[in-house]
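Asks: Going down the list, the sequences are from chains B and H. Position 196 of the first sequence, counting from 1, maps to 181 under my numbering, and the rest follow consecutively. Just so we're on the same page, my numbering is the position in the second sequence counted from 1, plus 276.
Since the hints were made in silico from the structure, they are not lab data. Model, not experiment: these values are computed from the prediction. Some hints here could point you the wrong way.
What the hints assert, rightly or not - Derived PhoX-like pairs: lysine-lysine, alpha-carbon spacing no greater than 25 Å straight-line:
1. B:Lys185 with H:Lys447
2. B:Lys82 with H:Lys285
3. H:Lys447 with B:Lys188
4. B:Lys188 with H:Lys456
5. B:Lys0 with H:Lys456
6. H:Lys456 with B:Lys185
Stated by the list, open to error - Chain B regions said to be covered by chain H (calculated; three or more residues, Cβ under 8 Å):
7. 45 to 52
8. 64 to 72
9. 151 to 161
10. 173 to 180
Backbone N, C-alpha and C fix where the C-beta goes; we use that ideal spot for every residue, glycine too.
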Amino acid sequence: MNSTRRKLITNPLGKDNPITVQVLGICSCLAVTAQLKPAVVMALSVTVVVALSNLIISLIRKSIPPRIRIIVQLVVVSSLVILVNQILMAFVYDVSKQLSVYVGLIITNCIVMGRLEAFAMSNKPWDSLLDGIGNGLGYGIILVILGFVRELFGRGSLWGYPVFEKIGLYNIGYENNGFIIMAPMALILVGIIIWIQRSKEQKSQ
Amino acid sequence: MEYFNIFIKSVFIDNMIFAFFLGMCSYLAVSKTVKTSLGLGVAVTFVLLITVPVNYLIDKYLLGEGALTWISPSLADVDLSFLSLIMFIAVIAAIVQIVEMIVEKFSPALYNALGIFLPLIAVNCAVLGGSLFMQQREYSNIGEVSCFALGSGIGWLIAIVGIAAIRERLKYSAIPPALKGVGITFIITGLMGIAFMSFMGIKL
Chain B
-14 MNSTRRKLIT NPLGKDNPIT VQVLGICSCL AVTAQLKPAV VMALSVTVVV
36 ALSNLIISLI RKSIPPRIRI IVQLVVVSSL VILVNQILMA FVYDVSKQLS
86 VYVGLIITNC IVMGRLEAFA MSNKPWDSLL DGIGNGLGYG IILVILGFVR
136 ELFGRGSLWG YPVFEKIGLY NIGYENNGFI IMAPMALILV GIIIWIQRSK
186 EQKSQ
Chain H
277 MEYFNIFIKS VFIDNMIFAF FLGMCSYLAV SKTVKTSLGL GVAVTFVLLI
327 TVPVNYLIDK YLLGEGALTW ISPSLADVDL SFLSLIMFIA VIAAIVQIVE
377 MIVEKFSPAL YNALGIFLPL IAVNCAVLGG SLFMQQREYS NIGEVSCFAL
427 GSGIGWLIAI VGIAAIRERL KYSAIPPALK GVGITFIITG LMGIAFMSFM
477 GIKL
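One chain only, chain B, in its complex shape (with noise of 0.2 Å):
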């Protein structure tokens, strides 16, 4: 693996990442991170649609006439999104409750278009596939730090493993934070994320 192609993965999971920086895909991020499991599960279904997604369009991005391409495009997303949300009802069936009318958000989830358009269009099956991958982790590690965050501080448990709990932190007078698993909680942090990676970036040049 060259160094090209390897950026096609390193870079959107820091300088390029699609939820911080390009600021797409916003809407599901939000709103299943309360907890960090269906934080993880939406993270791998979006890394499988967008990998794939790009993988195939990029096969056919020959045949592709450009006036009916978005057509095409949803097309193959929703298909890849209706066999990733059967999969998720069959396997982990809780989960997918949960993550309720998000799984079928993934279609319109930015992200997989932007990448489509951006990507997939204009290069070779392979690179597109890694770019794929790329963007679904750089995706997924917000999601995670997301989910981590608001998971341990507002119900003082990971994975549903009540830690805080284990460690004594109530019987010192700890409280857990309702708020911080509230919807409009979670922009904040997003925002502060956001902060935190500018002031670095501001600093480093």
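Starting from the known structure of chain B, arrange chain H on it as the hints suggest.
Replies: For chain H alone, kept in the frame of chain B given last:
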């Protein structure tokens, strides 16, 4: 009265942006000035109002469990609901295209106002989300569905016009440089969301 309740509920309590974060991408990208955000908001409301009832009919008479009984009783246990995602998005994309052509033909002024936003809407999560919530919440008739669609659209419109107005004023504030632009927009949306949470106690 029932219709009015659903309308108010979907505008304020179940607001698309503050409660469910739907349509955030265009919300963040297009909210730089009040004028363009008003245009996008109207376009989203318009498209929601058409696509959600159409998808409701498709769900009720084609895809849901036992929906095909009107063709023949032997189809009573056919359940095509796994196809609903692809059907909904196809309907939305097609309707957006048709609306664009009709508006262009009959009302060039409206087309000029909405024109650039219409293609954006096919991939707006709020529009697909509207159809998916409609399916999940099991409204009982098309009137309720239309009220829900109109309410969601207007809720989205209020949110995007509100943030655009705030962002216009923000230009004159002293914000830390790293927080400028997207960062502060996120935080302000969060604060607006907290304000909207106070509607949650209302019983309808």
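Asks: Starting from the hint list further up, note which numbers the structure goes against and sort them upward.
Replies: Of the numbered hints given earlier, those the structure breaks are 7, 9, listed in rising order.
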